[in-house]
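Here's the letter readout for the chains.
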Amino acid sequence: MRGNGLAPPLLAIEGLAVSYGAVPAVEGVSLEIHPGELRVILGANGAGKTTIIKTVLGLLRPRRGRILLDGTQDLLRCRPHQIHRMGIAWVPEGRQLWSTLTVLDNLRLGGFRERDETVVARRIDEMFQRFPRLGERRNQISGSLSGGEQQMVAIARALVSGPRLLLMDEPSLGLAPLVVRDVFALVKEINAMGIAILMVEQNARQALKVADWAYLLETGRIVESGPAAEVAGKESVQAVFLGGHA
Amino acid sequence: MDLFLQQIANGLIIGSTYAVVALGFALAFSVLRVIHFAHPDVFMVGMFAGLVTAETFPFGGLALAMLGGLIGAGVLGYAIERTVIEPLRGRDVLTTLIATLGVAIMLQNGMALIVGPDPVPYPPLLPRRFLDIGPVSVTVRQAANLGICLLLLAFVSIYVRGTRIGRATRAIAERPDVAAAFGVDVARVCQATIVVASAMAGIAAVSVGTLYGSASAFVGLLYGLKAFTCMLVAGNRYFEGVAAVAIFLGVLEALVTGYVSSSLRDAVAFLVLIGVLYFRPNGLFGSYQT
Chain U
1 MRGNGLAPPL LAIEGLAVSY GAVPAVEGVS LEIHPGELRV ILGANGAGKT TIIKTVLGLL
61 RPRRGRILLD GTQDLLRCRP HQIHRMGIAW VPEGRQLWST LTVLDNLRLG GFRERDETVV
121 ARRIDEMFQR FPRLGERRNQ ISGSLSGGEQ QMVAIARALV SGPRLLLMDE PSLGLAPLVV
181 RDVFALVKEI NAMGIAILMV EQNARQALKV ADWAYLLETG RIVESGPAAE VAGKESVQAV
241 FLGGHA
Chain H
1 MDLFLQQIAN GLIIGSTYAV VALGFALAFS VLRVIHFAHP DVFMVGMFAG LVTAETFPFG
61 GLALAMLGGL IGAGVLGYAI ERTVIEPLRG RDVLTTLIAT LGVAIMLQNG MALIVGPDPV
121 PYPPLLPRRF LDIGPVSVTV RQAANLGICL LLLAFVSIYV RGTRIGRATR AIAERPDVAA
181 AFGVDVARVC QATIVVASAM AGIAAVSVGT LYGSASAFVG LLYGLKAFTC MLVAGNRYFE
241 GVAAVAIFLG VLEALVTGYV SSSLRDAVAF LVLIGVLYFR PNGLFGSYQT
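Protein sequence lines, in the order shown, are assigned to chains U and H.
Letter 80 of the first sequence, counting from 1, is numbered 80 in this note's numbering, and no numbers are missing.
Letter 172 of the second sequence, counting from 1, is numbered 172 in this note's numbering, and no numbers are missing.
These are calculated hints, taken from the structure and not from any lab test.
If you're wondering where the values come from, they're calculated on a predicted model, not measured in any experiment.
Check the hints yourself; a few may be wrong.
Unchecked claim - Cβ pair distances, simulated, as ranges:
| no. | chain 1 | residue 1 | chain 2 | residue 2 | range |
| --- | --- | --- | --- | --- | --- |
| 1 | U | T118 | H | G61 | 38 to 46 Å |
| 2 | H | M106 | U | V223 | 54 to 62 Å |
| 3 | U | E114 | H | S157 | 32 to 40 Å |
| 4 | H | G90 | U | E14 | 24 to 32 Å |
| 5 | H | F279 | U | L178 | 37 to 45 Å |
| 6 | U | G36 | H | T163 | 48 to 56 Å |
| 7 | U | C78 | H | L5 | 58 to 66 Å |
| 8 | U | G194 | H | G90 | 49 to 57 Å |
| 9 | U | G233 | H | G90 | 41 to 49 Å |
| 10 | H | S157 | U | G147 | 26 to 34 Å |
| 11 | H | S157 | U | T118 | 20 to 28 Å |
| 12 | H | S157 | U | R122 | 25 to 33 Å |
Where is the CB? At the ideal position from N, CA and C, for every residue including glycine.
Work out the full structure: start from the sequences and follow the hints.
Following this line, the structure appears as structure tokens:
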């Protein structure tokens, strides 16, 4: 628990170091996110963004560091399905839908942790109201959808689990510019529903518009951290991400 | 024409048996990423478990013998998963392949030590009577074998498509990490998958033992190679595809036997299967990346 009467962060990562074999991917990363916040980790390809996400999910084992949920629950002691059951959902890079399963079955699996079928059915109905296109295609094999539609399925699948914290890995990757705008608007909407979001992005311009707080990751280390508007003004960020487009 | 229909019927009977074993291979490979070479010998042990059950409880009939086969094979499959496959999870495919191959050799020779290397007679759990269905003539045992195997195949299809744990099974087959991150306990589903595959093989094995009237410690070899090839030819994307290829193989074998020569049966069958793999290396119905 932190002092001064504040609630502990929803998720706190402390001194995280992860390697692939002998190759370090993340070196001493610390960051946190509080309930209801929208934070973004910016970084180029290979900076270690996905590695951080996968370590929080329990899919990678770190060399060092701690990951605490609610200030007390040590996620490094838990297996991936247990971490998910604590309310952490994932929108993976490149969507990673179950391509041979229907849209409906993808969403049902999203609600796997919820044993009450009626709750899952209600949440799926809500998703079909929010994304009418998916409702029309509920019995279609998800691999046959367009990239934008697949991203909607990936986001809906995560929401059906009823998460407290959503980990989004490059939700705008590989989508048409118009769809990218929709996705960021949706991210903002989901956050407004009270779900905390930790997002990893290369599209700094859009991400900084919606985020409360931003981290800049370079070769496995955090080099900038601050309120999104402040980070957007930093020279290092301007040079790497926003330059040329301004 | 009569010969043609007769051979189609014979082919369906043998093919549906290949399909049950092949589906067990496919389930193990897709979900656990292991080439489970002991699976055909789990089938063999199931056959003997049924035999022992039938001889211990002579009035139990086919149903009780199949229950014995189901339990014997299911328990053995579970034990192999926990002691051999699970500890090696995440290692190279070759590691578990060799480990399960070792288990296969142990089971074959262990059983040969107990019952001898030669086939032993199987209790007559069904009459040998013939049934005439139009121009086709099959025995009660053949008809029962076809029916039992088709029911088992239908069961797997319903299991993986219609149940919560079955959906989780398919989710792991395509994307194990995403399944785990969505709350699927991968280790538990792996155990369930092996138990289902083994129990199915055990039931089919009792039916096959009854059909041929004999059981042998090395019966798994015959089914193993063919079932494994069927899985490769079909690809692991659709479990139903594996069953379809296995049934096709049975029919092809029967037709070659009927119209050409039984000595060319395996040669022609494997030539066709290898031919398919040459043109579609990922299998007829596609495979997941592993």
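Verdict for E114 (chain U), S157 (chain H) (Cβ pair) under range 32 to 40 Å: violated, 26 Å
Cβ distance range 49 to 57 Å for G194 (chain U) and G90 (chain H), holds or violated: violated, 38 Å
Supplied distance hint 38 to 46 Å, evaluated on CB atoms of T118 (chain U) and G61 (chain H): holds, 43 Å
Range agreement (Cβ of V223 (chain U) with Cβ of M106 (chain H), hint 54 to 62 Å): Cβ of M106 (chain H) to Cβ of V223 (chain U): about 57 Å, so the range 54 to 62 Å holds.
G90 (chain H) versus E14 (chain U) beta-carbon gap, inside 24 to 32 Å or not: holds, 27 Å
Range agreement (Cβ of G147 (chain U) with Cβ of S157 (chain H), hint 26 to 34 Å): holds, 31 Å
Range hint compliance [Cβ, S157 (chain H) to R122 (chain U), 25 to 33 Å]: Distance hint for S157 (chain H), R122 (chain U) holds at roughly 28 Å.
S157 (chain H) paired with T118 (chain U), Cβ distance criterion 20 to 28 Å: Given about 26 Å between the Cβ atoms, the range holds.
Supplied distance hint 58 to 66 Å, evaluated on CB atoms of C78 (chain U) and L5 (chain H): Holds, at about 60 Å.
Supplied distance hint 41 to 49 Å, evaluated on CB atoms of G233 (chain U) and G90 (chain H): holds, 46 Å
Cβ separation of G36 (chain U) and T163 (chain H), checked against the hinted range 48 to 56 Å: Cβ of G36 (chain U) to Cβ of T163 (chain H): about 37 Å, so the range 48 to 56 Å is violated.
37 to 45 Å as the expected CB spacing between L178 (chain U) and F279 (chain H), which holds or is violated: holds, 41 Å
When each numbered hint is compared with the structure, violations occur for hints 3, 6 and 8.
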